[in-house]
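Visitor: Turn these sequences into a full structure, and let the hints guide you.
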Amino acid sequence: STRAELMQTLMERRRTMGSTPGIALTEFVSDVLPSKEASDERNLAILRNNKLFAEALLGGLKQDSEFWIGHPNLPNHKNHEYTSAHYPDGATQCTFITDRRDGHVDGNAMFDELADVVDTEEEVHLGQSFGFDTTRLWLDSYRPAVRISAGTENPEAIEALAEKWAKTLNQL
1 STRAELMQTL MERRRTMGST PGIALTEFVS DVLPSKEASD ERNLAILRNN
51 KLFAEALLGG LKQDSEFWIG HPNLPNHKNH EYTSAHYPDG ATQCTFITDR
101 RDGHVDGNAM FDELADVVDT EEEVHLGQSF GFDTTRLWLD SYRPAVRISA
151 GTENPEAIEA LAEKWAKTLN QL
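With the numbering used here applied, the sequence shown covers 1 to 172.
Calculated directly from the structure, the hints in this document are not laboratory data. Since the structure is predicted, the reported quantities are computational estimates derived from the model, not experimental observations. Don't take each hint at face value.
Pairs of lysine-lysine residues, derived as DSS-like cross-links and limited to a Cα-Cα distance of at most 27 Å, are as follows [unchecked claim]: (1) Lys36 x Lys62; (2) Lys164 x Lys62; (3) Lys78 x Lys167; (4) Lys167 x Lys62.
DEER-style ranges, computed between Cβ atoms [stated by the list, open to error]: (5) Asn154 x Thr9: 14 to 22 Å; (6) Asp119 x Asn43: 21 to 29 Å; (7) Gln8 x Phe96: 18 to 26 Å; (8) Pro155 x Ser129: 30 to 38 Å; (9) His80 x Ala4: 23 to 31 Å; (10) Lys36 x Asp116: 38 to 46 Å; (11) Gln8 x Gly59: 26 to 34 Å; (12) Thr9 x Leu172: 41 to 49 Å.
Positions of the beta carbon are idealized from the N, C-alpha and C atoms, including for glycine.
Guide: Here's what the structure looks like:
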């Protein structure tokens, strides 16, 4: 559809639903959103997958790796003890990878290397958001790092992806 058609549709919706939540909008939202139970189950699966991904990635790196895997459930994280006690299934929807060698591999190069070894249409999507069906990979805009958010894929796919990326990092 064209931009004009899209704007027309949006204006019609605005006229029929208004700008404040009313009965029509509430019914629409309740039809679209999953139940609280389904939403909680999905979020827990994403937390578990991100923890699994971080553990598998760290486990696949060489012992003397210069890459730091940032996830609060990992033993190398300063909040590991607290996080593991209070959030044993996983505490975050993101994992960060940085290079400890002070710019030896910058974030752009790391992002490119990781993106080059996966199918960015099927296996991993490029994007900064989290909470999706498919794992996301994105360049961190605040530091030389990449940000990875595992999706709701099956655990075997998450582990295979972590192994593939660990091999790539071990070669940098």
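Visitor: So, for every hint listed, does it hold in this structure?
Guide: Now for the hints, and whether the structure bears them out:
1. A threshold of 27 Å between alpha carbons decides the hint, and for Lys36 with Lys62 the separation of about 41 Å lies outside it, so the pair is violated.
2. For the suggested pair Lys164 and Lys62, the alpha carbons sit about 13 Å apart, so the restraint of at most 27 Å is met.
3. Simply put, Lys78 and Lys167 have alpha-carbon atoms about 25 Å apart, close enough for the 27 Å limit, and the pair holds.
4. For a cut-off of 27 Å, the pair hint linking Lys167 to Lys62 stands: about 9 Å separates their Cα positions.
5. A hinted range of 14 to 22 Å for the beta carbons of Asn154 and Thr9 is inconsistent with their spacing of about 37 Å.
6. Range check, Asp119 to Asn43: Cβ separation about 26 Å, and the 21 to 29 Å hint holds.
7. For the hinted restraint 18 to 26 Å between Gln8 and Phe96, the CB-CB distance of approximately 42 Å leaves it violated.
8. Evaluation of the 30 to 38 Å hint for Pro155 and Ser129 yields a failure: the beta carbon distance comes to about 21 Å.
9. For the pair His80 and Ala4, the beta carbons lie near 54 Å from each other, so the given range of 23 to 31 Å is not met.
10. Range check, Lys36 to Asp116: Cβ separation about 40 Å, and the 38 to 46 Å hint holds.
11. Here the CB-CB span from Gln8 to Gly59 is close to 53 Å, at odds with the stated 26 to 34 Å.
12. The beta-carbon spacing between Thr9 and Leu172, approximately 47 Å, falls within the hinted interval of 41 to 49 Å.
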